[in-house]
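Going down the list, the sequences are from chains W and H.
Note that our numbering gives residue 184 to position 183 of the first sequence, counting from 1, and the numbers run on in steps of one.
Note that our numbering gives residue 488 to position 399 of the second sequence, counting from 1, and the numbers run on in steps of one.
Just so you know, not all the hints are guaranteed correct.
What the hints assert, rightly or not - One-sided and incomplete, this derived list gives chain W residues near chain H with beta-carbon spacing under 10 Å:
#1 Arg-78
#2 Thr-84
#3 Asp-107
#4 Ile-111
#5 Lys-118
#6 Asn-125
#7 Asp-126
#8 Arg-206
#9 Gly-208
#10 Phe-254
No lab work stands behind these hints: they were computed from the structure.
Please read all numbers here as calculations on a predicted model, not as lab measurements.
For each residue, glycine too, the CB sits at the ideal point set by N, CA and C.
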Amino acid sequence: MGQYYIGVDIGSLTTKVVMVDGDGKLAARATGRSGYSGKDVAERITARLLEEKGLGQKDVAATVATGYGRVTYPADREVSEITCQARGIASQFGSAGTVIDIGGQDSKVIKILKGGKVVDFAMNDKCAAGTGRFLEVMAGALEVRLEDIGDLALQARGHCQISSFCTVFAESEVISHVSSGASKADILAGVCDSVAVRVASMTSRTGLDPEVVFTGGVARNKGVAAALEKALGCPLTIPEEPEITAALGAALFARDINKGQG
Amino acid sequence: MTEKKRYKPLASSKYMEKTMTRYYALSQYHRFWGKPLRRPLAWVTSGAPVELLRAFKIHPVYPEQYGAICSTKKATEKLCQVAESAGYSQDLCSYARSHIGSILRPDLAPMGGLPRPDLLLCCNNICGTVLKWYEVVARLLNVPLLMLDTPYLPGEYEKHTKEYVLEQIHDMINFLEKFTGRRFDPKTLERHAGYSNEAVNLWKEIRELCRTTPSPLNGPDLFIQMAPIVVLRGTSPVVDYYRRLKQEVAQRVKEGTAAVDGENIRLVWDNIAIWSNLFSFTKMFTERKACFITDTYTGGWSMVLDPGDPIESLASAYTKVFLNRSPDFRARQLTELVRDYSADGFVMHSNRSCKPYSLVQEVIRRKVMKETGVPGLMVEADMADPRAYAEEPIRNRVQAFLETLGGI
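Bound conformation, chain H alone (with noise of 0.2 Å):
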């Protein structure tokens, strides 16, 4: 018996693949390369202006992308079990849990653990957890640790708010010229902002490709195809990529192709991906023919910076992004998002570790549902830890949603 894969991979993804393995590459050799050529190697948080370490030449990597690789990999339970055996609580966040597991026990994480850090950057608009989990890793390994702190945005983005912003920012400036011995150049910033800004550019429109039905890409598409635009972001390799991904998506659309064979329900997802059981949890949508045009995590990164100063765009970009806004704000984008993109309905994740995003859900789920008159489902997984992860329960409800979706 074989049955008709549902999952049409994208020829981009070989070129994905290898743009990742050589940034990954790099980063594991920085220790030969770094020294010699001044550049120092830091960790950074997936909010952060990371335009302005490239503009003093500083290789950024990502604890959160790794958590997410641990949990592909297989090694997120015995990394967050060496973590909460080191007295760090099950109700952490699993990215932190991994990470810092994966300090303690290299022996167990994938590539070794991620390549030692000169200088962590922690940002927390996108978390509060981040500031403690980045406080105990300047501590663990006695690196500087540089926190830009975004207060949450209850209505729109205010001048105080702003200022208090841009005052952190001139601070980072200065210690950056110190910690790195080079000159802050304005316009090598702006050049970086500059390529965030093409490659953010070409993921909206790659993601508005989506809005024609059937859609030419599904979700697990969009969560794996953003892996560039994380970690590459302010390059140029990443804005080459993202041409080459349009066009193939655009080629789609053209030819009608669907991501999904015979796509009849379509569907937004709201948090992050579950990355333990990516593959089997979809199954249960493709298997009914539902697709995930659209989301709200990748959309994170399709946030255009402001012409006009680099720094002060940095500031109000960063500052507004979706996790540090309002409850109001975010049913405003989902009721968006199902009306542009023609949903029938939309799946969220209560994501055991991610707090900021999943405590508000529930009264966003009911008012989308009102607003739109389509149907929201919630599933209780974590992104990371399979141990959150109960595929029975979950599949009940996923094939009672469908049903009052498609009919039995």
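Looking at chain W on its own, in the form it has when it is part of the complex (with noise of 0.2 Å):
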């Protein structure tokens, strides 16, 4: 019988890996583009993570897999993203508060008790704006790497204002920002403040305790965690690896898993 756990979460962007040993300890994890499979992806990266371990597959006990391709995958379990997510940030940090997660093409805010049950979650709905595939076509008309968005939104001087609720109509209104003569770092912090807003408002449904955390790939970006501070009017924590907390708690459902009786 195996003693590590494995949860895989696979995004509409990215997949996710996350291998915990048997206390819930964190062993391995990584992350790939989900491309056009994205259980062949997580496939492949579990099977290197195992061999950069030194591991089998006769080492893993079981595995829970969520995201988007949650039922594609061949694991032990499938649970949701949003279950998942609450799991794993309550693992990391303990305490009752509200969760915002920024996708690739959701963006969810969730309430939780200590030890991480779900109260109640809100997420947007039928449109990609105010989600990382927002942010994707926005550094793509300006031409920017996604991953500098958060810098260069941080040192601009004013900010242009992105009204649009529609990710199509919004890039026509970058563009037309450009052609007007607004710098990037001014067009970029107008589209984190559009992604912030829209995203704020969704708390407005579920209520929002002053503890907050930000999950996802998009809390990676400076910009829209400045912007999300502004808009809620309260801090943010933002877990060291935003992207793999909700992996994390599909690992620690795995765990909790008697596969046995599975």
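Hints are included, so try docking the two chains, each in its own frame, into the full complex.
Okay, structure coming up:
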């Protein structure tokens, strides 16, 4: 019987794999672009992680899959990323509070109790505005690397206004700001504001606790984090590796499974 | 691999199908019997005082129910596109769009469209859209339109509201006497109101049987079984049908038969069904042993007509329908359902088509969560238009919601 547990989070843009040991401690993690088949990517990453650790499949006691590709992956169980995210955050921070998660095509606000039980949640609906994909499109329009958006936005002198609710129309707004001579920094600051405002309005549905944790790939973006702090009027806690918390939660759920009975 | 069927059909459904087939066949052949029997056909909204029409021997047909039929027959998308290319906005109610589409292109419509009306009767107690929708139809078909304006009730049913509605009903009676050439007979109206009440009471009792754990019925049962009480309200066959159904449901309760095997999550539904995906949507719940034990929508047909002057009780019952009332009233109603039916949570369908039903849901959701302590989930879709239904995002929410209720 193995003693490691794996959580696989196949998101719309990125696939995350986390391995924990018998005590629930983080043993290894890796991420990759989901691409056409998130399942294949997840399997490749898992194999690589095991190899690096000098482990084999027999050392893995259970696997839980989450994220959009969760049903495609041959796991012992699939759990929604909302539940996994709450579990992952609770394991790292312990206290009750609000989680804001901005991923590739989803943004969510999750209200959790101590221990990670979900009380309420809100998500963006049928629209990618306010998500990682939105930022990607804007980065493309401005010929900026995705990871540079945050630093550039923080150098802004004035913030351009991006008013549209639609990613495609917002892109044309960005282009018109470019042609009217606005700096990339000012436009990007506006882009970050627009993401923050959209997500902040979701917190009015769930209510906002003073403890707010910001996760998902977009949490690495300092521009969005700053804009979000401003929009919410409170500081954010950002995990060291904000994109892997749902996969971590999945791995911890895997640890709960008694494979013999599952 | 065979998956165990989780949907338990009702034996009564066979009789319901018969009743409904007979009703639609009669309606479709109205052109042969309507004139000789001096019985006009009217298109009416679901919340219109149909007993009045029945008292004048007018045969009612319901475009809203037809909208649901179009959706289950997968015709809505095409019919909506017809209406949209005729200039009607995609933001307009999908029942209205598919109905207008069915008038413009009967060849694309189930049953070749609804039989042509001689009269339209519209009551705005359910929404404001019906006013414009029926005006459009009146123009397209050049038929008279009767409108009953029931003022929105922010609080209670006041005297001035009552007088205002009563006056309109009396005007309607005058018009209908001239239109049909029949004299108004209060006794006939009373008889039809009596049938309505009998059916309403039975429906109410059937619904209340679902307070039992496990529930004998699931959401789709309620949605499907309500069909006769919508179109045959005020007639005797509908009373017979619900008597039969009640017997079967009571039997299920007696034997402890569950609509959802191993029921372990009890939910209340709010808003119109998602007709286009009724079963695939419900399956997300039944596969996790969650049952919709009651709902606010089909409860709309369990409002009893008060005893006394039948015209006054019509005015009162039709003005007081829940969609014509304040968010406070609706929150109270949902809170009571959660308590009376021992529900573990509730699910709200934010229905793109139905603005009065959906617009205030977020306020109600928070209020009910606070008062009952159970969680409420909001899903975005449309009652009829499948283009507004995105299965994966919905599955994601539903799964997360059920995980909070039943564990993983």
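Now the hints, each set against the structure:
1. Arg-78: holds, 7 Å
2. Thr-84: Check passed: Cβ of Thr-84/W comes within 4 Å of chain H, closer than 10 Å.
3. Asp-107: Result: holds, 8 Å to nearest chain H Cβ.
4. Ile-111: With a minimum Cβ separation of about 9 Å from chain H (threshold 10 Å), the hint on Ile-111/W holds.
5. Lys-118: Holds. Min distance 7 Å.
6. Asn-125: holds, 9 Å
7. Asp-126: Holds. Min distance 5 Å.
8. Arg-206: With Cβ-Cβ at 6 Å, under 10 Å, it holds.
9. Gly-208: Holds, because the Cβ-Cβ distance from Gly-208/W to chain H comes to roughly 8 Å (cut-off 10 Å).
10. Phe-254: holds, 6 Å
Going down the numbered hints, you'll see the structure goes against none, and every one checks out.
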